[in-house]
Amino acid sequence: MFRAKVLGALAIAQIAIGQDVDYARFVNPFIGTEGAIPGYAYGGGDVFVGGAVPFGMVKLGIDSYEEPINQSALNGGYTPQGHVTGISLMHQSGTGGGSKYGYPSQMPLTQIDGDVNLLDNRTYWQDRVGEDVAKVGYFRTEFESGVTVELSASRHAGLYHYTYPSSSEKHVLVDLSHYLPHPTRSWDSQFYTGGEVEIQPNSSVYTGYTSIAGGWNIGAPVTVYVCGEFDSAPDEGRTFKGRNTFPPTFTGNTAHSGPMNDRVGAVFTWSNVTEIKSRVGISFMSVEKACAYKNSELSTWSMDDTTKAARDEWNRDVFSKIRVDASESANETRLALLYSSLYFMHLIPSERVGENPLWESDEPSWDDFYTMWDLFRNQVSLWHLIQPGYYESMIRSLIDIFKNDGYLPDGRSGNYNGLVQGGSNADNVLADAYVKGLTGKINWTEGYAAVKKDADVLPFFDQNPVDPQGSLKEGRSALDDWIPLGYVTADRNTRSVSKTVEYSLNDFAVSQIAAGEAPGDRDLYLRRSAGWQLSWDPEASSRNFTGFVMPRYANGTFDKTYDITDCGDCNWEDKSYEGTAFEYSFVIPHDIDRLITLMGGPSHFETRLDYVFQPNTSGVDLGVNGLGITTINNIANEPDFETPYLYNYLNKQWKSVERSRQLANDFYFNTTNGIPGNSDAGALNCWLVWQMLGLYPIVTTPVYLLESPWFSDINITVNRDNTLRIRAEGLDDGDGKQGYYVQSVSINGQEWDRNWFEHEDAGGIMTEGGEIVFRLGDEQSAWETGEVPPSPGHQYPTSLFVKNMARIDIDPPIPSYEEAVVAPPPTTVLSAPPAPVQPIRTEDRPTGNEPAPPAFPASPPPGLPPAYAVVDEKATTFTIYGTFIHTPNAPAYQLSSLLDARINKLQIRRLRAEEVTRLQAGAPNVAFDSRRVLYEAQDPPFLINEYYIQGKATSTLPGVLQMRFGLRRWHIAHVPSHGERPIEIMTCGKSGGFTKAIKQRKNELEPSVWKDSEGHVLATEVLKMGVGGKMPTIELRGDLDQTCRELILALWVSRLWAAFGAGSGYMT
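Quick note on numbering: the sequence shown equals residues -18 to -1, 1 to 1050 in mature numbering (1 follows the signal peptide of the UniProt record, and there is no 0).
Hint data in this document are derived by calculation from the structure and do not stem from the laboratory. All clues stand as given, with none of them false.
Straight-line C-alpha distance at most 25 Å; calculated BS3-like pairs for lysine-lysine:
no., residue 1, residue 2
1, 972, 993
2, 719, 634
3, 1006, 972
4, 418, 385
5, 1006, 993
6, 434, 423
7, 423, 435
8, 435, 385
9, 856, 1006
10, 418, 435
11, 271, 259
12, 385, 423
13, 434, 418
14, 856, 993
15, 434, 385
16, 259, 117
17, 290, 259
18, 290, 117
So the derived label-pair ranges between C-beta atoms look like this:
no., residue 1, residue 2, range
19, 277, 703, 31 to 41 Å
20, 21, 882, 51 to 61 Å
21, 592, 314, 27 to 37 Å
22, 728, 286, 45 to 55 Å
23, 130, 764, 52 to 62 Å
24, 601, 267, 48 to 58 Å
As the structure is a prediction and not an experimental result, all values here were calculated from the model. Just so it is clear, CB atoms sit at the ideal spot from N, CA and C, and this is done for glycine as well.
Make the full structure from the sequences, and use the hints.
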């Protein structure tokens, strides 16, 4: 009782002290604005710099254009040297994907005549002079025109203050078509879809809206209503409209986009003032609501008052939640790192309570989860502790999105789900909250329904161009592999290694919620959480280590040629996403026990763990996701966040402390390049906060690892009004000293023999508060004698695999042409779904020493025909009959539909020998097997006369083919891999001049000639008489190999389909 009273009194005193301290003064908003190249954003944090409040809808800052362009200069708007194109109210922060927001915008100008075109910001953009100034809630810069800009913001409104040279013209441009572009990548660039602006009779107030679509998640149009006001009436205010970057037409007091989606805006002019202030409110609901925000939240024109209000909110709601000594004797660098990190991890997501335009609901509304893949690792766990009110609101919003949009978002921005980088990681977020007892008004019955849908229902394929094999909008795109096989295959889905690892944790998360909400389901998902072991190849070897998660095919064999230390581009279409197989082999937080066993036991596990932190071991250049990092472990990227702490599972906590401190000291600084890559919505910053607290959470479990604090006395407000005090006795780590190794720990007065604890341990240490005391010294002490941290997902895998994990009763994927002549046919045909799989008995569980799965024989057994039809290599003539392509002797290929079908996707596959036999015997048709597709053609929305074809089998041309119709002919370009420039490899056109080509465009059955890039004829299209009349036929050159022949066939049918059926599937 005495201890409780003392701690309670201490908590009250510390809270009072914390509220009086201006922690905001330690924040450096410029941390992460530069990368490794001094003066440039390239490789930096892509952080927002400007006026904002915690989780505010408005983030008011400059928009700038800087080269070289990459993801580090797209979303925050701010770049160190970029040309300023506008000053807008909405931004993301720290995100590493395509652009989103950058609207609505203003821009102070000193000239609007001459070369200035109000619809072309390249004619008026401004460079900056002097040093930019940024503080919490405030930003100031000066343009080369002599205009000084000051900015601050409230939750839904922004305050601008412009100071002009006395001799200059004074104008303010309001451009409602302005947004942040993606100049180097068209598919996920934003685009303007319409707007309206009106100047009110007194000319000091303008209202309207802008609607912007696309962007990073290829989202639907977002309509934002705006209400702006100036502190003095301008001499003149004119609205304008225009198309593209043609000079605009002035329209008086109103401008509407109209049916052609004209760009709209307004320009205001003053002559008798040098200072102009503007306050602007925004809303997703209405102009009236935007005006109400402007008037209520910015009731004063004072920049100082607005900045102070924002600063006070940050101190009260964020910085005072973690209180350390801020006296003159304190280490200011550490203070800057701590409070700047807290700042960046509270910029997004955006709280939009009362601002949901899509459906009516009593639940809170949040947006800009960009993305769960970043946030779930450790950020949500800290919000749980210090922001339970905000966090409960977020969880309720996520569940409400599921109820009304159909799926939990893995990413969401602009009121639209997407993109999914790996698994359905909102499952992990909900599970982490559930196991730590977050309740309030959360409906956990609905929460469980949400994660269960992620686990069981394959989402609609959204046709995202960066992943031709599955949805990127929401859900788990590879459930067609995961549910029947227990792993994600490398031949039927992208990112198979990383998805398998992430789906495993996702299902463990589902099992954690099921334990309380649907106990009968728990074991199913717990068993499925062991699926990562089915992708574990015990024979895979790299750098003298054996056993890794590896790409595995649907026939049960592993990719033996895959480079374990190099994931290529490490992007959407690769086998591992933003991390190598070497890295992902450590990312099993729910079952480290089994992982240690598969790596050969504690000693081998430790040796491998040591190796990934050795310099110059990395086999891949991850670019902005790890610029300058040479170790295999990439602390700049989320999958590797937990890896430095895995020594705790060996009861060698001192090594975890050593490794993690080294990483923090090597890559985090109070400088403009002070984080090692994209901030990722604050995820990298949050990793540092946990490091400085001396703790680390194990996501989806109630476990925290004990590490080593960076401050002698830390007071954290937990569970709204309780205090957790962390003391580090004997901390002595200045001037290169190493007095930070743990010698012993006590929790709430109890000596602790484990290097971990749980959320409710010691009387509820993380809910009721209390005290954790670390006794530190310079000895590398193995002080812990208790059990290692738990592995609650410890399971052995169950799927359609038995003891040796070899596939049973499932056809292999389509082989290459060379494989087709040697692969044996299936001996049985499944007439019904396989029976439910029973758990593997203990005596049947794999030990890791079993033989490899049996491979297909190099040649077929005597007397057996090949499994797939072997196309006659001498056949050069192919004719289309319905949905089949015939040689003169037999059908050889099948189309997924008729060429004039109203569809947006066409597939072609090679027929199997048994199917050819059935067709020749009189069968009218055979079912189209989508698992054995050679090529797939797609007609993306919003693109005219442009189509994309991609190979789906190992025998096809890798990469993507772009087919587009020019003025005279079809052009075929090859994009070998994502991000590379298209290379024209082929054309298809008719003989004759331009006029004849246009006329014959109307009749695509007229003969055309296919030529390579040097003009050599590859094939000629002709019309041959058949039973039903003229049949489209193609004559191929006789010396083409099989890959080239099938490529031309795919392009030929795609061209005919483009003329007759493509795109009509989007019509309503």
